[in-house]
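Heads up: the sequence shown begins at 7 in the numbering used here, then just goes up one per residue.
Some hints here could point you the wrong way.
[Said to hold, decoys possible] Here are the simulated EDC-like cross-link-like pairs (lysine to aspartate or glutamate), alpha carbons at most 20 angstroms apart as the crow flies:
hint: 1; residue 1: LYS90; residue 2: GLU78
hint: 2; residue 1: LYS81; residue 2: GLU70
hint: 3; residue 1: LYS75; residue 2: ASP64
hint: 4; residue 1: LYS66; residue 2: ASP56
hint: 5; residue 1: LYS50; residue 2: ASP60
hint: 6; residue 1: LYS81; residue 2: ASP71
hint: 7; residue 1: LYS41; residue 2: ASP52
hint: 8; residue 1: LYS41; residue 2: ASP53
hint: 9; residue 1: LYS66; residue 2: GLU78
hint: 10; residue 1: LYS75; residue 2: GLU63
[Said to hold, decoys possible] Estimated spans, in silico, between C-beta atoms of each pair:
hint: 11; residue 1: LYS91; residue 2: ASP52; range: 56 to 64 angstroms
hint: 12; residue 1: ASP56; residue 2: GLU94; range: 55 to 63 angstroms
hint: 13; residue 1: ASN95; residue 2: GLY58; range: 50 to 58 angstroms
hint: 14; residue 1: TYR38; residue 2: PHE17; range: 26 to 34 angstroms
hint: 15; residue 1: TYR35; residue 2: VAL69; range: 34 to 42 angstroms
hint: 16; residue 1: VAL80; residue 2: PHE17; range: 26 to 34 angstroms
hint: 17; residue 1: PHE17; residue 2: ASN95; range: 46 to 54 angstroms
hint: 18; residue 1: TYR38; residue 2: GLN77; range: 52 to 60 angstroms
hint: 19; residue 1: GLY28; residue 2: ALA87; range: 52 to 60 angstroms
hint: 20; residue 1: VAL80; residue 2: LYS41; range: 53 to 61 angstroms
Quick caveat, the hints were computed from the structure, so don't treat them as lab data.
Predicted model, so just to flag it, every value in this text is computed and none were measured.
For glycine and all other residues, C-beta sits at the position ideal for the given N, C-alpha and C.
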Amino acid sequence: MSNQGNFIGGFALGLLTGAAVGAVVSLLYAPYPGKRTRRLIQNKIDDIWDTGLDYLEDVKDEVEDMADKTQEFVKEAIDSAAAKKYSENNLGG
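Using the sequences and the hints given, assemble the complete structure.
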């Protein structure tokens, strides 16, 4: 599961980086005046930045969800072990 998360994260980072580089290169070769080209580049950078922030928010939500599930699992395991230990000590079994 960890490897899958690393793959997805790496893929997303590569995708965003490729999109940014492609956007900048295409705008640099576009036949626009310098001021307009700079504005277009800034707009593309802002769009990519926003996409990255959205992605990070999704990852944060997933990590929080996994942390909650892990905490619940550990609590249940501790409770189960404590109940078993109690029954062994008090019931002789």
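Here is how each hint holds up against the structure:
no.: 1; hint: LYS90 <-> GLU78; verdict: holds (18 angstroms)
no.: 2; hint: LYS81 <-> GLU70; verdict: holds (16 angstroms)
no.: 3; hint: LYS75 <-> ASP64; verdict: holds (17 angstroms)
no.: 4; hint: LYS66 <-> ASP56; verdict: holds (15 angstroms)
no.: 5; hint: LYS50 <-> ASP60; verdict: holds (15 angstroms)
no.: 6; hint: LYS81 <-> ASP71; verdict: holds (15 angstroms)
no.: 7; hint: LYS41 <-> ASP52; verdict: holds (16 angstroms)
no.: 8; hint: LYS41 <-> ASP53; verdict: holds (18 angstroms)
no.: 9; hint: LYS66 <-> GLU78; verdict: holds (18 angstroms)
no.: 10; hint: LYS75 <-> GLU63; verdict: holds (18 angstroms)
no.: 11; hint: LYS91 <-> ASP52: 56 to 64 angstroms; verdict: holds (58 angstroms)
no.: 12; hint: ASP56 <-> GLU94: 55 to 63 angstroms; verdict: holds (57 angstroms)
no.: 13; hint: ASN95 <-> GLY58: 50 to 58 angstroms; verdict: holds (54 angstroms)
no.: 14; hint: TYR38 <-> PHE17: 26 to 34 angstroms; verdict: holds (32 angstroms)
no.: 15; hint: TYR35 <-> VAL69: 34 to 42 angstroms; verdict: holds (40 angstroms)
no.: 16; hint: VAL80 <-> PHE17: 26 to 34 angstroms; verdict: holds (31 angstroms)
no.: 17; hint: PHE17 <-> ASN95: 46 to 54 angstroms; verdict: holds (52 angstroms)
no.: 18; hint: TYR38 <-> GLN77: 52 to 60 angstroms; verdict: holds (53 angstroms)
no.: 19; hint: GLY28 <-> ALA87: 52 to 60 angstroms; verdict: holds (54 angstroms)
no.: 20; hint: VAL80 <-> LYS41: 53 to 61 angstroms; verdict: holds (58 angstroms)
In this structure, none of the earlier numbered hints is contradicted; all agree with it.
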